[in-house]
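From just these sequences and the hints, can you work out the full model?
There are 2 protein chains.
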Amino acid sequence: MDRSIDQGIVKLREKLLLMGGYVEKAIEEAIQALLENQPTRFEKVHAYESKINVLHKEVDEDCLKFLAIQSPLAADLRFILAVIKINTDLERMGDQAVNIALNGKEYLGHPPLKPLIDIPRMAEQTQFMVKEALDSFVQRDLALATDVLDRDDAVDAMKSQIFRELLTYMMGDPKKIEQSLNLILISRNLERIADHATNIAEDVIFVVSGKDVRHGARL
Amino acid sequence: MDRSIDQGIVKLREKLLLMGGYVEKAIEEAIQALLENQPTRFEKVHAYESKINVLHKEVDEDCLKFLAIQSPLAADLRFILAVIKINTDLERMGDQAVNIALNGKEYLGHPPLKPLIDIPRMAEQTQFMVKEALDSFVQRDLALATDVLDRDDAVDAMKSQIFRELLTYMMGDPKKIEQSLNLILISRNLERIADHATNIAEDVIFVVSGKDVRHGARL
Chain A
29 MDRSIDQGIV KLREKLLLMG GYVEKAIEEA IQALLENQPT RFEKVHAYES
79 KINVLHKEVD EDCLKFLAIQ SPLAADLRFI LAVIKINTDL ERMGDQAVNI
129 ALNGKEYLGH PPLKPLIDIP RMAEQTQFMV KEALDSFVQR DLALATDVLD
179 RDDAVDAMKS QIFRELLTYM MGDPKKIEQS LNLILISRNL ERIADHATNI
229 AEDVIFVVSG KDVRHGARL
Chain B
29 MDRSIDQGIV KLREKLLLMG GYVEKAIEEA IQALLENQPT RFEKVHAYES
79 KINVLHKEVD EDCLKFLAIQ SPLAADLRFI LAVIKINTDL ERMGDQAVNI
129 ALNGKEYLGH PPLKPLIDIP RMAEQTQFMV KEALDSFVQR DLALATDVLD
179 RDDAVDAMKS QIFRELLTYM MGDPKKIEQS LNLILISRNL ERIADHATNI
229 AEDVIFVVSG KDVRHGARL
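For the record, the sequence lines run as chains A and B. Count along the first sequence starting at 1, add 28, and that's the number in the numbering used here. Count along the second sequence starting at 1, add 28, and that's the number in the numbering used here.
Only true hints are included.
If chains are identical, the list can't say which one is meant, so a pair holds when it fits in one copy or spans any two.
Taking lysine to aspartate or glutamate pairs in the EDC-like style, the calculated list, with each CA pair at most 20 Å apart, reads:
id	residue 1	residue 2
1	Lys113	Asp169
2	Lys43	Asp240
3	Lys113	Asp240
4	Lys72	Asp123
5	Lys93	Asp240
6	Lys239	Glu86
7	Lys53	Glu71
8	Lys239	Asp90
9	Lys113	Glu86
10	Lys113	Glu89
11	Lys43	Asp163
12	Lys79	Asp240
13	Lys159	Glu52
14	Lys187	Glu206
15	Lys85	Asp240
16	Lys113	Asp90
17	Lys93	Asp104
18	Lys85	Glu52
By construction, these hints were calculated from the structure, which means they are not laboratory data.
Written out as structure tokens, the structure is:
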């Protein structure tokens, strides 16, 4: 094995995991600010997003250099292509954390709805998927990656359930329309984060097995 | 110049444009079905999305093979990396066209709001950005790509304006809540399509100039 290829891959993996850690923290701050009614924590989301954006550009540049210098093949090439895609997904997850912060700030500016419907449970499930997707990437673990895919339907179902409940709230009391809308948008942000976690899991499956399981194909 | 590299690049460009054409048609059918109240046209969106998904996997596979066989450098390598990213954006645009179809079908199932607020104008602007982004890719045209970036703020502003107007509708008449929500979600779908067009334009700028203009960097 070529040591410089191995070293390049280790460095890229580390940088992507650093980015993944910031993404997890950005989501955590956005959710906790909302659930604990601590609007100052929303600021931290923006700070994490800036770090994510810097790494986003760095990772792409590193991949370009790696491809140009090493001309990797087979599993190494699949790894680099996966990193390019995972990088994009992580950056968009950071954007969604910012969207949760923006919608959450508006939500906290109005009298709160009690309870927060299924938002806490949906957030917990989504955060679990993000963690599991990142773990599957580090450990090159097909079972973990497949579990992420299996969880996506449950998050989608929660989104639909939340939508129906909030619609009922809004129709019953027009004074609750704005807060309900904010929560509907937050549930969509969470759904998109779960989608990105699913994309990452699909990329991990591709790296490890060489199989493209997107669009309903099975492993 | 290496002829087989050139041929590979020509083929990839053609396949991506075919995919881009399907994306444009999927968006067009979804929007026209909504604006002209012709729900049967929503079915065509799903048909186009299937074609897009097939090409999505093919393009990734083609890029992998191209990188493995040709080990391209400099501008050719940047082109392939851009194709990998544009491929992802096009596929997500297809997903958003499907989301417009789903939300549009629900919208048409209720008594319509008149007028459709600024949705037609926002759709027109978004479709223009998609066309311009694809044209900038074919023609390797920095001016066109930069124009796409400049238009994104206007689409975002329309989204916010539509949101405020629909909020007023909903608060004034709870019977309009469901239809208004559908239009709010459609405006978000359009906004995301415009974001993907912006991503494509940024990738074109990177291919042509070698500059990474993402996250607020300038050309």
